[in-house]
Amino acid sequence: MDNPHKKYWSIYICLVLTLITTVVFCQVRSYDFINYDDPVYIYDNLHIQNGITPETIRWAFTTGYYANWYPLTWLSHMLDWQLFGAKAGGHHLTNLIFHIVNTLLLFIVLKQMTQKLWPSAFVAALFALHPLHVESVAWVAERKDVLSAFFWMLTMWAYLRYVKHPVTGRYLLTLLAFAMGLMAKPMLVTIPFVLLLLDYWPLARVSLSSERQAIYRLIREKVPFFVLSVISSVVTFFVQRSSGTVAELVRISLKIRIFNALVSYVEYIEKMIWPAHLAVFYPHAGRNMPILNVIISAALLAAATILILRSSRNHRYLFTGWFWYLGTLVPVIGLVQVGQQALADRYTYIPLIGVFIIIAWGVPELLAGRRYEKITLTISGLLVILTMSICTHFQLRYWRNSLTLFQHALDVTGGNYTAYIHTADFLCERNKLDEAIAEYRKCLQMIPDDTIALNNLGIALGKQGKFEEAIKCFTEALRIKPDAAAHTNAGHVLALQGNLDEALVHLAEALRLNPNYAQAHYYLGQVLAQRGKYSEAITHFEDTLRLKPDWIEPMNNLAWLLAASRETTIHNPAKAVGLAQRACDLTNYRSPDLLDTLAVAYAAAGDFGKAVDIAEKALELCQSSGQDALKKEIENRLVLYRAGKAYIETK
Numbered sequence: 001m002d003n004p005h006k007k008y009w010s011i012y013i014c015l016v017l018t019l020i021t022t023v024v025f026c027q028v029r030s031y032d033f034i035n036y037d038d039p040v041y042i043y044d045n046l047h048i049q050n051g052i053t054p055e056t057i058r059w060a061f062t063t064g065y066y067a068n069w070y071p072l073t074w075l076s077h078m079l080d081w082q083l084f085g086a087k088a089g090g091h092h093l094t095n096l097i098f099h100i101v102n103t104l105l106l107f108i109v110l111k112q113m114t115q116k117l118w119p120s121a122f123v124a125a126l127f128a129l130h131p132l133h134v135e136s137v138a139w140v141a142e143r144k145d146v147l148s149a150f151f152w153m154l155t156m157w158a159y160l161r162y163v164k165h166p167v168t169g170r171y172l173l174t175l176l177a178f179a180m181g182l183m184a185k186p187m188l189v190t191i192p193f194v195l196l197l198l199d200y201w202p203l204a205r206v207s208l209s210s211e212r213q214a215i216y217r218l219i220r221e222k223v224p225f226f227v228l229s230v231i232s233s234v235v236t237f238f239v240q241r242s243s244g245t246v247a248e249l250v251r252i253s254l255k256i257r258i259f260n261a262l263v264s265y266v267e268y269i270e271k272m273i274w275p276a277h278l279a280v281f282y283p284h285a286g287r288n289m290p291i292l293n294v295i296i297s298a299a300l301l302a303a304a305t306i307l308i309l310r311s312s313r314n315h316r317y318l319f320t321g322w323f324w325y326l327g328t329l330v331p332v333i334g335l336v337q338v339g340q341q342a343l344a345d346r347y348t349y350i351p352l353i354g355v356f357i358i359i360a361w362g363v364p365e366l367l368a369g370r371r372y373e374k375i376t377l378t379i380s381g382l383l384v385i386l387t388m389s390i391c392t393h394f395q396l397r398y399w400r401n402s403l404t405l406f407q408h409a410l411d412v413t414g415g416n417y418t419a420y421i422h423t424a425d426f427l428c429e430r431n432k433l434d435e436a437i438a439e440y441r442k443c444l445q446m447i448p449d450d451t452i453a454l455n456n457l458g459i460a461l462g463k464q465g466k467f468e469e470a471i472k473c474f475t476e477a478l479r480i481k482p483d484a485a486a487h488t489n490a491g492h493v494l495a496l497q498g499n500l501d502e503a504l505v506h507l508a509e510a511l512r513l514n515p516n517y518a519q520a521h522y523y524l525g526q527v528l529a530q531r532g533k534y535s536e537a538i539t540h541f542e543d544t545l546r547l548k549p550d551w552i553e554p555m556n557n558l559a560w561l562l563a564a565s566r567e568t569t570i571h572n573p574a575k576a577v578g579l580a581q582r583a584c585d586l587t588n589y590r591s592p593d594l595l596d597t598l599a600v601a602y603a604a605a606g607d608f609g610k611a612v613d614i615a616e617k618a619l620e621l622c623q624s625s626g627q628d629a630l631k632k633e634i635e636n637r638l639v640l641y642r643a644g645k646a647y648i649e650t651k
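So the sequence shown is numbered by the numbering used here: it starts at 1 and just counts up by one.
Everything labelled a hint here was simulated from the structure, so no lab data went into it.
A portion of the hints provided could be inaccurate.
[To be verified] When the alpha-carbon atoms are kept at most 20 Å apart in a straight line, the in silico SDA-like pairs for lysine to any residue are as follows:
(1) Lys575 - Leu621
(2) Lys548 - Asp38
(3) Lys610 - Ile648
(4) Lys548 - Ile52
(5) Lys617 - Asn588
(6) Lys575 - Glu553
(7) Lys617 - Arg566
(8) Lys463 - Trp551
(9) Lys575 - Leu586
(10) Lys164 - Ile108
(11) Lys432 - Gly414
(12) Lys610 - Asp593
(13) Lys617 - Asp628
(14) Lys164 - Leu96
(15) Lys374 - Cys391
(16) Lys271 - Ala299
(17) Lys463 - Glu502
(18) Lys472 - Arg430
(19) Lys271 - Leu386
(20) Lys575 - Lys631
(21) Lys116 - Trp157
(22) Lys610 - Lys548
(23) Lys432 - Ile52
(24) Lys374 - Ile359
(25) Lys645 - Arg566
(26) Lys271 - Gly414
(27) Lys7 - Ile108
(28) Lys631 - Leu621
(29) Lys271 - Cys391
Please model the entire structure based on the sequences and the hints provided.
Laid out in structure tokens, this is it:
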């Protein structure tokens with residue numbers, strides 16, 4: 001039991017950890033989503049946007065979407081969308097709350113396990129404030145990191161309670177927390193191994209000289225945990241292999257993967273000590289990896305391991321800390337290569353706790369008995385925490401949006417295709433087309449047959465009206481990989497050229513390849529509307545909104561057809577009003593063309609007073625934004641509304 005003095009100190013430490021972590025990280029509340037993983041995880045994911053329902057719960061537990069099975073992570077994103085919608089700040093704050101809770105749980109569990117207040121506090125502070133952990137907190141798509149870590153900490157806490165009073169209920173509670181962690185992120189498969197390390201230190205349930213029977217007993221105790229780990233590993237491997245994210249062994253050989261793993265183990269520690277040049281993506285060197293780096297890394301790891309093994313009898317924390325670090329990185333160290341990265345900052349979220357333990361317990365031992373020991377420890381500890389806080393504050397600023405994030409990655413890494421393509425996408429989305437095209441061409445210089453860059457370059461050229469060049473890009477992409485995206489883009493550009501027949505062929509083929517491709521439905525709806533096939537156009541606009549409920553353009557197009565079409569069979573003013581209101585809500589009633597549609601819909605519904613009010617507001621916005629052509633059209637329609645007449649298209 002803690003004495004009252006220690007209890008008060010524990011409360012003060014928890015308050016300080018909460019305060020400083022909040023102050024350092026709170027800037028994320030104003031940050032955007034980024035265009036890397038966030039779209040497929042969250043804001044382009046229909047299942048997430050439907051919130052928590054029986055159907056989406058079933059989907060979360062049965063899907064292998066995006067190459068992983070982590071139902072609790074999907075459910076957490078669904079709940080966030082229900083609470084915050086498309087406002088990224090709320091999603092960021094949820095990550096931060098989990099990070100703070102994880103920090104406090106780590107401190108409490110370590111303190112209770114070791115009965116050491118200040119070393120436990122120091123480990124928790126490093127965990128909370130180290131710049132390497134920015135990626136796990138500031139990236140909404142990395143909810144799986146902070147959520148799974150929450151269950152990791154709960155597993156350790158429950159295990160400690162079980163060790164103190166080993167009854168079945170506490171054992172099952174530990175197993176449940178572990179199982180839930182695996183459903184948040186399968187990286188937790190190493191927990192059984194970590195529990196055995198904790199048995200050695202600090203729980204002292206076993207020693208290196210223990211009888212085999214005692215060791216076997218502790219291993220048998222972990223068998224259900226190992227069974228869950230094996231099941232999770234098998235499920236994860238097959239899901240990732242089926243999705244194509246597990247790199248082919250021929251492409252990245254086992255030798256290269258082993259070399260990269262050795263180098264990564266050392267690089268993570270280097271970045272922990274000197275957290276400079278951190279990036280969201282580090283390109284894999286592949287066969288170009290310097291063999292000298294591999295040799296030096298292997299030698300350093302071997303020397304550190306031998307030294308720790310020799311010292312562990314008298315300094316048990318060294319053994320637990322070091323093998324915590326080595327062991328918990330195994331699932332993500334690249335021996336089974338998933339993705340194209342060499343390493344990733346987010347992978348250190350749990351593993352570095354082991355190294356932090358070595359520092360927090362080792363440095364005081366080195367200074368024990370020296371003059372000014374306590375003053376030296378206090379000042380140096382505070383300086384480290386302050387330094388980490390400042391570094392993290394500045395590292396966080398790169399996560400403001402996709403452009404700042406990937407431009408920084410380009411500044412600190414070389415040959416970074418991923419950074420180029422996401423920078424280009426961000427620029428293209430914001431119609432900075434010359435800059436986007438330049439970035440796409442850099443991507444194609446690196447990977448000439450990359451269909452993503454070809455398609456996106458074609459889109460950017462099409463936006464500039466360079467249709468012939470755009471068609472060449474799409475044709476080349478179709479030659480390399482005839483997929484739905486290339487057909488959709490080709491169809492869209494052909495439609496812009498006025499070649500509607502060929503556009504229809506490409507768009508129909510896109511939907512044959514992928515019936516749930518929202519863009520293909522939207523562009524096909526536009527072409528059909530141009531051909532006067534309004535009923536068919538409405539069907540495709542509705543399919544678009546079923547797949548992407550908050551996409552404003554098809555929402556506006558559908559509302560316009562339902563309100564203004566001369567075909568009475570499709571006339572539906574009430575539905576048009578609802579769609580137009582939703583589009584205006586999403587843009588805070590600041591878009592004159594959307595307000596124009598809403599006014600048309602109100603007039604079609606017979607509410608001419610509202611139609612007049614909305615049209616007048618649209619005219620004010622046209623005046624301030626210089627949209628003279630639209631202003632003239634709205635003025636003509638306003639005359640009709642004041643006369644009690646609806647606007648109906650004549651063609």
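Going through the hints against the structure:
Between Lys575 and Leu621 the CA atoms are separated by roughly 25 Å; this puts the pair beyond 20 Å, and the hint is violated. At most 20 Å may separate the alpha-carbon atoms for a hinted pair to count; Lys548 and Asp38 meet this at roughly 15 Å. Annotation: proposed proximity of Lys610 to Ile648 holds, straight-line Cα distance about 17 Å (limit 20 Å). About 17 Å separates the Cα atoms of Lys548 and Ile52, which keeps this hinted pair within 20 Å; it holds.
A threshold of 20 Å between alpha carbons decides the hint, and for Lys617 with Asn588 the separation of about 12 Å falls inside it, so the pair holds. At roughly 16 Å between alpha-carbon atoms, Lys575 and Glu553 fall within 20 Å of each other, so this suggested pair holds. For the proposed pair Lys617 and Arg566, the alpha carbon gap of about 26 Å is over 20 Å, so the pair is violated. Note on Lys463 and Trp551: the hinted pairing holds, with a Cα-Cα distance of about 19 Å set against a maximum of 20 Å.
Proposed proximity of Lys575 and Leu586 is supported: the alpha carbons are some 17 Å apart, at most 20 Å. For the given pair, Lys164 sits about 15 Å from Ile108 by alpha-carbon distance, which is consistent with the 20 Å threshold. At most 20 Å may separate the alpha-carbon atoms for a hinted pair to count; Lys432 and Gly414 exceed this at roughly 24 Å. Distance check on the hinted pair: Lys610 and Asp593 sit about 16 Å apart at the alpha-carbon level, within 20 Å; holds.
The straight-line distance between the Cα atoms of Lys617 and Asp628 is roughly 15 Å, inside the 20 Å bound, and the hint therefore holds. About 32 Å separates the Cα atoms of Lys164 and Leu96, which puts this hinted pair outside 20 Å; it is violated. As the CA atoms of Lys374 and Cys391 are separated by approximately 26 Å, the hinted pair breaks the 20 Å bound. Proposed proximity of Lys271 and Ala299 is supported: the alpha carbons are some 18 Å apart, at most 20 Å.
For a cut-off of 20 Å, the pair hint linking Lys463 to Glu502 stands: about 19 Å separates their Cα positions. Simply put, Lys472 and Arg430 have alpha-carbon atoms about 23 Å apart, too far for the 20 Å limit, and the pair is violated. A C-alpha spacing of about 17 Å is found between Lys271 and Leu386, which places the hinted pair at or below 20 Å, so the restraint holds. In summary, the hint linking Lys575 to Lys631 is not supported, as the alpha carbons are separated by about 25 Å, beyond the 20 Å threshold.
About 16 Å separates the Cα atoms of Lys116 and Trp157, which keeps this hinted pair within 20 Å; it holds. Taking the CA atoms of Lys610 and Lys548, the gap is about 29 Å. The hint is violated against a cut of 20 Å. Restraint check for Lys432 and Ile52: not satisfied, since their Cα atoms lie roughly 37 Å apart, outside the 20 Å limit. Restraint check for Lys374 and Ile359: satisfied, since their Cα atoms lie roughly 16 Å apart, inside the 20 Å limit.
For the suggested pair Lys645 and Arg566, the alpha carbons sit about 14 Å apart, so the restraint of at most 20 Å is met. A distance of roughly 17 Å separates the Cα atoms of Lys271 and Gly414; the hinted pair therefore holds under the 20 Å criterion. Proposed proximity of Lys7 and Ile108 is supported: the alpha carbons are some 11 Å apart, at most 20 Å. Pair hint Lys631 plus Leu621 holds up; C-alpha atoms about 9 Å apart against a cutoff of 20 Å.
A threshold of 20 Å between alpha carbons decides the hint, and for Lys271 with Cys391 the separation of about 12 Å falls inside it, so the pair holds.
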